[in-house]
Structure formats: structure tokens, C-alpha cells
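A.B. asks: Chains as they are written, first to last, in the numbering used here: chain A, 179 to 527; chain B, 179 to 527.
Check the hints yourself; a few may be wrong.
Treat identical chains as interchangeable: a pair holds within one or across any two.
[Said to hold, decoys possible] Each computed DSSO-like pair below joins lysine-lysine, with the alpha-carbon atoms no more than 30 Å apart:
# : residue 1 : residue 2
1 : K442      : K226
2 : K449      : K226
3 : K223      : K442
4 : K456      : K442
5 : K374      : K252
6 : K276      : K233
7 : K368      : K449
8 : K449      : K252
Read the hints as simulated data drawn from the structure, not as lab findings.
Number of protein chains: 2
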Amino acid sequence: MSSSHVLALDAMGGDNAPDMVVSGANVARVRYPNLQFRLFGNAEKLEKLLRRFPKLAQVATVVASDTVVGASDKPSVALRQGRRSSMRLAIDDVQEGKASGIVSAGNTGALMAMSKIVLRTLPGVHRPAIASMFPTTRGESVMLDLGANIECDANNLVQFAIMGAAFARSVQGVRRPTVGLLNVGSEESKGHEEIKRAADILRASELPLDFHGFVEGNDIAEGTVDVVVTDGFTGNIALKTAEGTANMYSTFLRATFRRSVFSKLGYWMAKPALLALKRRFDPRRYNGGMFLGVNGIAVKSHGGTDALGYANAIGFAFDMMTQGFNEHVISDLARLSGGAADAAKAAAQ
Amino acid sequence: MSSSHVLALDAMGGDNAPDMVVSGANVARVRYPNLQFRLFGNAEKLEKLLRRFPKLAQVATVVASDTVVGASDKPSVALRQGRRSSMRLAIDDVQEGKASGIVSAGNTGALMAMSKIVLRTLPGVHRPAIASMFPTTRGESVMLDLGANIECDANNLVQFAIMGAAFARSVQGVRRPTVGLLNVGSEESKGHEEIKRAADILRASELPLDFHGFVEGNDIAEGTVDVVVTDGFTGNIALKTAEGTANMYSTFLRATFRRSVFSKLGYWMAKPALLALKRRFDPRRYNGGMFLGVNGIAVKSHGGTDALGYANAIGFAFDMMTQGFNEHVISDLARLSGGAADAAKAAAQ
Numbered sequence: 179m180s181s182s183h184v185l186a187l188d189a190m191g192g193d194n195a196p197d198m199v200v201s202g203a204n205v206a207r208v209r210y211p212n213l214q215f216r217l218f219g220n221a222e223k224l225e226k227l228l229r230r231f232p233k234l235a236q237v238a239t240v241v242a243s244d245t246v247v248g249a250s251d252k253p254s255v256a257l258r259q260g261r262r263s264s265m266r267l268a269i270d271d272v273q274e275g276k277a278s279g280i281v282s283a284g285n286t287g288a289l290m291a292m293s294k295i296v297l298r299t300l301p302g303v304h305r306p307a308i309a310s311m312f313p314t315t316r317g318e319s320v321m322l323d324l325g326a327n328i329e330c331d332a333n334n335l336v337q338f339a340i341m342g343a344a345f346a347r348s349v350q351g352v353r354r355p356t357v358g359l360l361n362v363g364s365e366e367s368k369g370h371e372e373i374k375r376a377a378d379i380l381r382a383s384e385l386p387l388d389f390h391g392f393v394e395g396n397d398i399a400e401g402t403v404d405v406v407v408t409d410g411f412t413g414n415i416a417l418k419t420a421e422g423t424a425n426m427y428s429t430f431l432r433a434t435f436r437r438s439v440f441s442k443l444g445y446w447m448a449k450p451a452l453l454a455l456k457r458r459f460d461p462r463r464y465n466g467g468m469f470l471g472v473n474g475i476a477v478k479s480h481g482g483t484d485a486l487g488y489a490n491a492i493g494f495a496f497d498m499m500t501q502g503f504n505e506h507v508i509s510d511l512a513r514l515s516g517g518a519a520d521a522a523k524a525a526a527q
Numbered sequence: 179m180s181s182s183h184v185l186a187l188d189a190m191g192g193d194n195a196p197d198m199v200v201s202g203a204n205v206a207r208v209r210y211p212n213l214q215f216r217l218f219g220n221a222e223k224l225e226k227l228l229r230r231f232p233k234l235a236q237v238a239t240v241v242a243s244d245t246v247v248g249a250s251d252k253p254s255v256a257l258r259q260g261r262r263s264s265m266r267l268a269i270d271d272v273q274e275g276k277a278s279g280i281v282s283a284g285n286t287g288a289l290m291a292m293s294k295i296v297l298r299t300l301p302g303v304h305r306p307a308i309a310s311m312f313p314t315t316r317g318e319s320v321m322l323d324l325g326a327n328i329e330c331d332a333n334n335l336v337q338f339a340i341m342g343a344a345f346a347r348s349v350q351g352v353r354r355p356t357v358g359l360l361n362v363g364s365e366e367s368k369g370h371e372e373i374k375r376a377a378d379i380l381r382a383s384e385l386p387l388d389f390h391g392f393v394e395g396n397d398i399a400e401g402t403v404d405v406v407v408t409d410g411f412t413g414n415i416a417l418k419t420a421e422g423t424a425n426m427y428s429t430f431l432r433a434t435f436r437r438s439v440f441s442k443l444g445y446w447m448a449k450p451a452l453l454a455l456k457r458r459f460d461p462r463r464y465n466g467g468m469f470l471g472v473n474g475i476a477v478k479s480h481g482g483t484d485a486l487g488y489a490n491a492i493g494f495a496f497d498m499m500t501q502g503f504n505e506h507v508i509s510d511l512a513r514l515s516g517g518a519a520d521a522a523k524a525a526a527q
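Starting from the given sequences, assemble the full structure and let the hints guide the process.
C.D. replies: Here's what the structure looks like:
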């Protein structure tokens, strides 16, 4: 069994861990019959849970860990005090080559800090970024960074563009992804210096992506581009703003159907269609914050998700592992620096 | 007639100007019987339009202007070449005291540049900001800056907080508005330096507002605070992201009801309730970008709105004019600098 089919799970991370994690792994087991799991956490609890899922038990190994990283622990504290935690040992497992990816529904900051320290970054990557998929009018897109880097320079944004496009190519199967830089206007003169410089570099480079130029906030949900690139501050706020707006809308919609006997009847008539709409926006479908740029595969699941959502996070890790995501990033980054060297050479002549 | 009841309208700004502007003024005339209008633009066209609205003609004066600021003109070009434009002459009117506010559905950048140059800022204000109201789960809130200032320091953010709270108090009638700084987390350690310093200043100050601390993107639609404060880059992207998400949701909802005979029937049963929902989110209700901090009242209407939306933008200007918005800002800013002086004195002892 190749390690590209072994996934380390931080079984103690998440609101309903370890039950949710083990049930999620059991859902993923059916979808990915070649996948094997290494479950890190309280051995007694995990063994007991596995007795409920005998088929999962056949492809899962329990690895005992003593402690758990707290949901509100600072990353620096988790790094110092969490060396024997389920999260850390699962990441160590990837570093040691026993697994090729890790999924955790635990503390995001700690997971990113540990992944960076233990796995380090891919050759050429300055800073890893968090990416996530989201529904759009046209289908699905990916956005990064969602909060790993509060301040970014032009080169960080260019690398995010490359990593986001590599994700769209390898995992989503988009042959030549369109990439947009999130800005306050689409004209070239708009925005701050770093974003303009990033646009200049992307425009001049020869990469396996179509640089669309600047996109605005409304372009996110419209699906104007396959990959939306921004700094971690803006990306985090944009993503949560979109989630909040969608929640408000569905809250009001539910209240609307409760307004009268007629609207209640209307709801029952339209129920199958409305449930299809609900499934379309189901946050569990998009559950997975991919840590792009670390030397290994690391995916963060929402802490409050259920088994189905967790299985989807496992699916993202599986796809990145088996579709050669990291190899794409390495070769595209080399292409960029090669192109930059050529440009410098041409300029010097 | 006091000038606080005279409004200058850039009758040539907007997609369907001047028809939309004159029709909008006619809607506002009914709502605000004391309001008088000075319409800037093509005199022939405006006189002709006013013949359709004899009651509006009684409270409106046409002021001829030669040119129109183009929708895509750069602010610097508009400033140099637009001295005889409807937009500029309307702003000059406010500066000369003939009107106490201006509404325009024209070029936002040009309107802000001209307002700053001609009207200047209120005493103590470093930089004006663009604010807008938006619907939330709990009611309505106001957010600023929405794009006037791409980069902001801590003092800018503090002033935006004061201006936003003064708007909520004077125009929305919120006795003691809650104010939140938009950030990537609610813990004090989150975010960049400027936002942390702004929080420190607001926490230490004695102002007629309740400083809530940091809020996140999802808090915008949840209505966690009355006033959301952020820099113009983030605010512009957050606002457009929310608009885009709401549009996507209603696009899918429309498609959902068209799925089957049953869902179509369901739509007809629930139609009154669904129309109430639609009205709740009607962008025309929130049409008005208030330029807070300029020495005068300036409100930007969406270019693509209709008479009803334009009348709402006029309503915001009217409320700011008559509810003493600018006086609130001046006295609150004085209070802040007084408080800061006291704090410095205390520290020196």
C-alpha cells in the first residue's frame, strides 16, 4: 500500500470528536476503498468506536496520543506544550512518511503553525495559504488566502495564484483555470501597490493559468473566475461575509414560509425543489480548508461539522494526495522563476 | 426657507439621468414637503421634464450647466475639466450656502474628489469616508468606509467609528450605537497593528457609543453591531461580496421555483410572503452612499437606480441635513481630543 493512500486523522479535534471523526472516516471508507487511516487520539475511546465500524477497523490503525490541543490555545502555546497531542503526532506521521496527509477539525492556528514547523514549505513557497471552495452562480470556485497571512506582498499573492490554479487543475480538473485578484475595482489603476505589482507579474508570466485581472467582491459569488486570490485579512472577511449573508437569507426565507397558511402550503408544494436548493448551498459540501504550500497535505475541517462534512474534508485531502497537487505547485513555481530569470536576462541585454 | 431645506441635485448623473433624477425628486417632494430642489444640468431638458411634474416645478429651480462628468472619468480629470459640470456646480452651490446638501448618481470618485476639494472636511476630520446602510437579521446597520480610503491608519478608523456612530444616532435614532471594528477574529490579539491600536483608542475613549470590540465578516449580516468600521479596501469588498451572495441566492431561488409544476404552484401560494421578503432586501431601500466627514452633506446614489431608489438617497441627505449630523460629528471629535488630552495629562502625572 503506497503512503499516498494513507491519511493521518487528528481524531480528537472538533466539537464532537472523536465520534464525528470516526463516523466521517467510515463514510470516506466507502467512497475511497483504497484509503487507509491512522487515527490519533485516546486509544481506548477509538478502539471502542471502531468496534461499531468493523469494516473501517480493517483499514484503520489507532495511534495513542496523550493530549489534545485546545480550541482556543494560542498557536505558540500549542507548539510548545502540544508535542504529544493528537494533532502534532498526526502531523509528525506525515513528516515521517507514514502518511501522506493529515485532516484535523481542531484549532486552525495551531494546525497551521505545526504544519509549517514540522512539514515546512514546498520548495520555492514563501508562505502557505488556506484555500477553500465555495458555490457560485456558475458552479464552484476556490479562494485563497482565507486567513493564514494577514499581510501579503506582491510575491505572496503571485504564489497564491499559482497554488490556487494548481488546485483547480489537479483537484477540480479545470484545464486552464482563470485567476482573478480581488480588488476594489477592475481598472488597472485601482487598489494598493502590492496588488498592482502582483497583477503586473502575473500578466507578464507564462503559467498554466489565464490571468483575468482584477475582480470585485460581487465576482466571488458570480463565479467570474475559477480562482480568487487575495490576502488573508480580506479573504477571511469576504468568506465570512458571504456565509453570513447566505445564513441571513435562509433565515428570512424560513420565516417567510411560516407567515401564513398559504405560504406554508406553498412550501410543501415546492419542498423537493427547495431541498435541492438547500443541498446546493450545503456548507458540508465545501467543508475543507486546504493548507496549500506545505510540504505534505494538510486539510482543516470545520470543528462543528458532522460525519458527512468530515468525509468531504477527507475527500479533498485524498484528491490532493492522489492528483499530484504538490508536484504541480513545485513545477509551476519553477516555471515562474525560470520565466523571471529569462525576463531579467532579456532586460540586461 | 432655511438652506437646511434646500438640496442641490446633479440632475445629469446616473444611467437614466435626467429623467430618473427628476422623477426621484418628485417622489421625495411628497415625502418631504418642506424640501426645495436646485436641479443642475441641461436647462432645456430639465424645464421640459418639470412640465410633467407641476407640483415639483413649484419647489424646484433649474440651474444650467454645460458639461457632464463621465461615468469612467478619472477623478483628477473630472477635477481639471469638470468645473462647469452639473456635478461640480451643484457642489459649488453647497459651498456657497445656497443649498446645504448635494445628491448625485454620477461618478463616485469624481464626486468624492470634488466634495473634498470644494467643501473641504469638517473641523478635526482627517479623511471623509463613504457609509451605507444594509439589511441584517436584526434590522439595519451602517458600514464605513466603503472605498474612499484604500489604506487607513488607526486614527482614521477611530474617526470612522465616531462618524458612523453619529450617523446611527442622528439619522437612525439609535440612542447609543454599538460599534465594531471588522477583523479576522474577535480576540484582542487578532489582526494588524492599525486595527489593534484603533481598538485601544476606542476602548479608552469616552464617546457616545458602545465599543463592542472586533467583529467578523459574518457579524455584518447578523447585525451584531449598529456600526461596522473598516478600511475602504475591506469595506468595499465586504459590501460587494454580500450583494453578490444575495444576488446568487435569489437567482437560485427563482430557478428553484421554476423546477416543476409543483414548485410553480408553491410559488403562487407563497407569493405574498415571498414579495415581502423581496421588499425586505430591496437594494433601493439602501440606496445612498453617505460621504461622512465633508463640510456639507453629500450623498451618492447608485447610477443604475430608479426614481424610488433616488428618492431614498434624497431622504438620507434630508435626514443628515435636518438631524444635525455634522454638528454631532464635530462635537464628538472635540470630545475625543479632549479625552485624549486628559489621558495624556493623567499619564504625565
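A.B. asks: A separate judgement is required for each hint: does it hold in the structure or not?
C.D. replies: Quick rundown of the hints versus the structure:
no.	hint	in the structure
1	K442 - K226	neither (45 Å within a copy, 50 Å between copies)
2	K449 - K226	neither (40 Å within a copy, 52 Å between copies)
3	K223 - K442	neither (45 Å within a copy, 51 Å between copies)
4	K456 - K442	both (17 Å within a copy, 17 Å between copies)
5	K374 - K252	between (34 Å within a copy, 17 Å between copies)
6	K276 - K233	within (21 Å within a copy, 82 Å between copies)
7	K368 - K449	neither (45 Å within a copy, 42 Å between copies)
8	K449 - K252	neither (45 Å within a copy, 50 Å between copies)
When each numbered hint is compared with the structure, violations occur for hints 1, 2, 3, 7, 8.
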